[in-house]
Amino acid sequence: MPSLPTSSNIGALPLDAVYEILLCLPAKLLCRLRAVCRPWRALLSDPQFALAHAARHPEPLIALAVAPYAGNKGDGVIVDIMDLSGQIVKRVRRVQRNDRVISMELDLAFVKNVNNDSYKFLNLATGVAHHLPDGFAEEHVAFGVNRDSDSVFILGQLPNTGEYKVLKLIHHVSNNLSSQLAEVCTLNSSSHSGWRRMEKPVDQITSSTRLVIDGIVYLLRVDTVLSITFNARVTEKDMIITFDLNTEAWGPCIQGPSINFSIDPVEMLDNNGIPIIKQFSLANLNGSLCVVHGPAPYMDFWILTDFDKGVWVKQYSMQFEQYGCPVHPLLVLGDGRVLIHKIDNRFLQIYDPSTKNFINSVDWTHYSPISMYAGNLLSLDR
Amino acid sequence: MEVDKGKGEAEETRKVAEADRDTVTLKSSDGKLFEVSKEAAARLSTVLAGMIAGGSIDDNGTDLKQIGSEALENVVDYCNKHANSIPSAALISSSISFNTAPFKEPEEWERKFVDRLSHDALFDLVEAANFLGMERLLDVTCHKISEMMKGKSPDQIREVFNIKNDYTKEELEEIRQELAWAFYDD
Numbered sequence: 001m002p003s004l005p006t007s008s009n010i011g012a013l014p015l016d017a018v019y020e021i022l023l024c025l026p027a028k029l030l031c032r033l034r035a036v037c038r039p040w041r042a043l044l045s046d047p048q049f050a051l052a053h054a055a056r057h058p059e060p061l062i063a064l065a066v067a068p069y070a071g072n073k074g075d076g077v078i079v080d081i082m083d084l085s086g087q088i089v090k091r092v093r094r095v096q097r098n099d100r101v102i103s104m105e106l107d108l109a110f111v112k113n114v115n116n117d118s119y120k121f122l123n124l125a126t127g128v129a130h131h132l133p134d135g136f137a138e139e140h141v142a143f144g145v146n147r148d149s150d151s152v153f154i155l156g157q158l159p160n161t162g163e164y165k166v167l168k169l170i171h172h173v174s175n176n177l178s179s180q181l182a183e184v185c186t187l188n189s190s191s192h193s194g195w196r197r198m199e200k201p202v203d204q205i206t207s208s209t210r211l212v213i214d215g216i217v218y219l220l221r222v223d224t225v226l227s228i229t230f231n232a233r234v235t236e237k238d239m240i241i242t243f244d245l246n247t248e249a250w251g252p253c254i255q256g257p258s259i260n261f262s263i264d265p266v267e268m269l270d271n272n273g274i275p276i277i278k279q280f281s282l283a284n285l286n287g288s289l290c291v292v293h294g295p296a297p298y299m300d301f302w303i304l305t306d307f308d309k310g311v312w313v314k315q316y317s318m319q320f321e322q323y324g325c326p327v328h329p330l331l332v333l334g335d336g337r338v339l340i341h342k343i344d345n346r347f348l349q350i351y352d353p354s355t356k357n358f359i360n361s362v363d364w365t366h367y368s369p370i371s372m373y374a375g376n377l378l379s380l381d382r
Numbered sequence: 001m002e003v004d005k006g007k008g009e010a011e012e013t014r015k016v017a018e019a020d021r022d023t024v025t026l027k028s029s030d031g032k033l034f035e036v037s038k039e040a041a042a043r044l045s046t047v048l049a050g051m052i053a054g055g056s057i058d059d060n061g062t063d064l065k066q067i068g069s070e071a072l073e074n075v076v077d078y079c080n081k082h083a084n085s086i087p088s089a090a091l092i093s094s095s096i097s098f099n100t101a102p103f104k105e106p107e108e109w110e111r112k113f114v115d116r117l118s119h120d121a122l123f124d125l126v127e128a129a130n131f132l133g134m135e136r137l138l139d140v141t142c143h144k145i146s147e148m149m150k151g152k153s154p155d156q157i158r159e160v161f162n163i164k165n166d167y168t169k170e171e172l173e174e175i176r177q178e179l180a181w182a183f184y185d186d
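As they're listed, the protein sequences go chains X and R.
Residue 274 in my numbering is what sits at position 274 of the first sequence, and the numbering runs on without skipping anything.
Residue 15 in my numbering is what sits at position 15 of the second sequence, and the numbering runs on without skipping anything.
Don't read these hints as lab results, they were simulated from the structure.
Mixed in with the good hints there might be a few duds.
Label pairs and their calculated CB-CB ranges [stated by the list, open to error]:
1. A121(R) to S118(X): 56 to 62 Å
2. A42(X) to E159(R): 16 to 22 Å
3. D58(R) to P47(X): 41 to 47 Å
4. N113(X) to K112(R): 29 to 35 Å
5. S118(R) to T365(X): 31 to 37 Å
6. R93(X) to K32(R): 55 to 61 Å
7. N360(X) to G151(R): 40 to 46 Å
8. F183(R) to C253(X): 33 to 39 Å
9. G336(X) to E173(R): 24 to 30 Å
Quick partial rundown of chain X residues pointing at chain R, CB under 8 Å, derived from the structure [unchecked claim]:
10. L13
11. P68
12. Y69
13. I216
In this text, a Cβ means the ideal position worked out from N, Cα and C, and glycines have one as well.
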């Protein structure tokens, strides 16, 4: 219970009962009910209440960014948050004109203003913007780094403090030699420190797939991905490179799952006889590191079940009528079914491993990118 | 000391007699008496369970001065229906901790039970359930009220709950702006 006098009545009912009633209601209505009276606002703004409400309403929420071409309706909406039935529970409006959502992580959207090339993280619940510091770490400036055009920004949250940090990978070219440089900054809405220089990564990293779980950034080596996707071959090196946002240092490399390729070459051709390009990407599946790989001949979802021993388990193996488009798992539901996002289907789909069937979920036409929303819509920044 | 001992013995005898009965008698604020199954009362109400265990149940009607006869009749009715409808174990586990335990949707009969109540009777029953520590009944009645709130404006909600608007006009406008998204209709 919140730290309010519990014996007192608010209007007709005791506070205990009001608390219980409000817990039953959807987040959007509750935000509106902050306008009822001061005691209700105090109760509804209590972080304890927000936690109890989240426990009562564990329905997963999806954040869908309005695709740039579809965002000209004049209402300024850049992100919709929906439940799995497709009902919009929150619409998030842009802060500035020409804001465009690049990606979404945790409870934040990474927004680029295409007018002035500035970047910010927008809290989808509160609308608070965390601006990224300008420029580069001093040492990198001295090295001649001056452009962010190909930089990759990776957001993570420290499990202990809840603090947000951003790892920036800079693609730097000098004397026709390209290299990757790394910097870290701490996100803070009021004041921010600048970028801090990090060691270079041990090897060239691909920017196409990466994720953060509990403050650890997971990245893939470029040559691993290339040899798997194009040559159907696995290299000897550890596939996954890690960076610890907490200690701000590169961590151990992780060997990937022991993947195989179909021996039957015909199976790996599309209808026109052209070899199907393989997928090899990372996903966060309910807080576990997941490698998506396929078709080999199925699309396989490997979960890292033991970080220290490097144990991978092939949790799902899905067969699609047609390959060739990336498959992104979003969430494992309570009953073991998996919510997936496949680019060539306008619906998110739910895969049932017992029947091997897919059913359509949310229609994501005119939305991109899409991710799970890991925030609490009742939270308030003050 | 001698006198005290005698009195203690008498009480002991009365308690035993009471323990033999399988109902308890409750008395509303306006003096009406209601009989309820002791087992159901102890199972569904933490307050009544405490009174039964502590021996503070009065044979001639345990005074519940905070609860009117209409609400108490509904409480007793709920307890009796409950005793007849559902295996107890599931319910006890569902009502141990109402903040963290997953909320169980009202059963069909519970829905019917609250649906027939008038607005005032429903609110009185919430108060009675809260006073008696009847978490399941509180869940069911609160769920009903929460359903009545959907689609209502803050003004309408104040009316339903008899709440005074303690904001100034400017403050209300500020809240509306801060939470603008929640006031849009989708």
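Violated hints, by number in ascending order, as checked against the structure: The structure conflicts with hints 4, 5, 7, 8, 9, 11, 12 and 13, although it agrees with all the remaining ones.
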